[in-house]
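Using the sequences and the hints, build the whole thing.
Those protein sequences? They're chains A and B, same order as listed. Numbering follows my numbering, in which position 265 of the first sequence is assigned residue number 354; successive positions increment by one, without gaps. Numbering follows my numbering, in which position 67 of the second sequence is assigned residue number 53; successive positions increment by one, without gaps.
Derived from the structure by calculation, the hints contain no laboratory data. Honestly, I wouldn't trust all of these hints.
[To be verified] Listed next, the in silico DSBU-like pairs over lysine-lysine satisfying Cα-Cα at most 35 Å (straight line):
{"no.": "1", "chain 1": "B", "residue 1": "K(-5)", "chain 2": "B", "residue 2": "K69"}
{"no.": "2", "chain 1": "A", "residue 1": "K236", "chain 2": "A", "residue 2": "K167"}
{"no.": "3", "chain 1": "B", "residue 1": "K49", "chain 2": "A", "residue 2": "K236"}
{"no.": "4", "chain 1": "B", "residue 1": "K69", "chain 2": "A", "residue 2": "K236"}
{"no.": "5", "chain 1": "B", "residue 1": "K69", "chain 2": "A", "residue 2": "K167"}
{"no.": "6", "chain 1": "A", "residue 1": "K167", "chain 2": "B", "residue 2": "K49"}
[Stated by the list, open to error] With the Cβ distance kept under 8 Å, some of the chain A side facing chain B (calculated, not the full set):
{"no.": "7", "residue": "A119"}
{"no.": "8", "residue": "D248"}
{"no.": "9", "residue": "R296"}
{"no.": "10", "residue": "G341"}
For glycine and all other residues, C-beta sits at the position ideal for the given N, C-alpha and C.
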Amino acid sequence: MDIEPFMLRAVLTALFLGPLCGFIGVFVTARRMSFFSDTVAHAALAGVALGFWLGLPDPTVPMILFSLVIAGLILWLKEQTVLLNDTIMALLLSGSVALGMVILSLLKGYRGELDRYLFGDILSVGWGDAALALVVLITVGSVLFWKLNALALLTAHSDLAHVSGIPVRWLNYGFVALLTVTVALSIRLLGIILVTSLVVIPPAAARNLARSLRQQILLSLFLGLIGASGGVILSYPLNLPSGPCITLTLVGLFIVSLLGGRLQRAHQNAP
Amino acid sequence: MDIAFRSQKPAAVEVQDLHVRLGGNPVLRGVNLRIEAGRMVALIGPNGSGKTTLLRCLLGLQKPDSGSVRLLQEGPPGPGILKRMGYVPQRLQLDPSFMLTVREFLAIRRPLTASWFWRPSRQIDALLHEAVGEMDVTRLLDRPVAGLSGGQLQRVLICSSLLNDPELLLLDEPTAGVDTPGEADFYELIAEVHRRRRLTVVLVSHDLSMVYRHASRVFALNGVICCEGAPEEVMNAESLRQAYGIHFTPYQHQHPHSHGSHGH
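What follows is the structure, given as structure tokens:
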């Protein structure tokens, strides 16, 4: 069977990023950081616009950098002001989308590009993106495994983590940076609007079936892998943007997990 | 050798002239505190008396503006000393979406079980065996931590803090989420751990009723240590009035006398 090169690149990228998003997502959902993930994703729009404005052929680097800047700003404002998390994030989310839109409007000929960044486009995934996804999978994945105990304890109780000798502040910063890079890179596949679904739905679905954190992580990895690659593969024959296809695949998996969880419990409770 | 010096047991906690301001308000105004090693003591005070701030200072979570904290006769709370201490928080911030089980929660606290992710449960159980049996949490091992009742969670938290064999155990409002019948059992359990392991236990609480039976010494805090002594000495009305001062609110303690004659 012949596989188109663009399809191969997109499927490989999905195979790399799907499990990674599923893994990091377990901690994102438990630490109530879904909105944070959404905010840094939207910040990427301004990064994309800045990339075009600077005349770069590929806006991946400014996209990641601008998301990191916004992530840093969220943390900085959190420490320096009395504003609530939600307020800070809503401010930066709308601010960066507005900035991105203004820049794109000023540049002629880029309005058409907008859709592929908002909803994902497998055609826009280059070999460089696939390679970067592999590098990020290996580095972020190993750091997450290496710091698994510390992260789990931080999620349970930050003071307890501190007392146990964990450098809580640095671990927080590190986690935010890893999450931001992972999310910004996944925008190629899912688009800005839907990228958080790959971070949030796999761990939520895994939660329905898992009986331990270990199972939840492994299931979430697996569901991220199936959802991302399945959505990419479906998007080609259906001629649809890849973002909605991945998200709907994930929603389907979530519904299956919900029913599976119910059955599991009914089976347990049966005499 | 000086007789007075010899009669004093070594101190597990020594706090000298501790001052902390939070948001411009003086919360701790010169706290002096000496807790002898091996004792089970209670640190009491009304809400807003600075209990939590003092506890945070002892844990190294809050830097004092002035004054000193010396723990286990070594120095201020740093990574080395914190390893010799156990801390039992009031509750966890755990979200039910996080499927951490009791076994996993205990395993992540201990270097021996660091590879819990790849190890079979039976091996982990063997490593946790002693503390798990002592705190009677064997039946809870497969339960998610987020789904435990207040009393069960307290037992698990103490169990986890005992894993590194602490010399000093700090408990923050230990029975805040525990129902009344469970409370007595809970303190019996702590007293048993204290007896068997001969460690220093500090109970921080606004609940005065429990100190009667379980603490050998009580420190009453309200910005400063207003009074200290055996439970029956501290619990008399005059010293309590000092501790609770004009901030006194009657729901915070239960004891068999009235406050009408004190004029507040």
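Legend entry - Hint numbers not upheld by this structure, sorted from lowest to highest: 10
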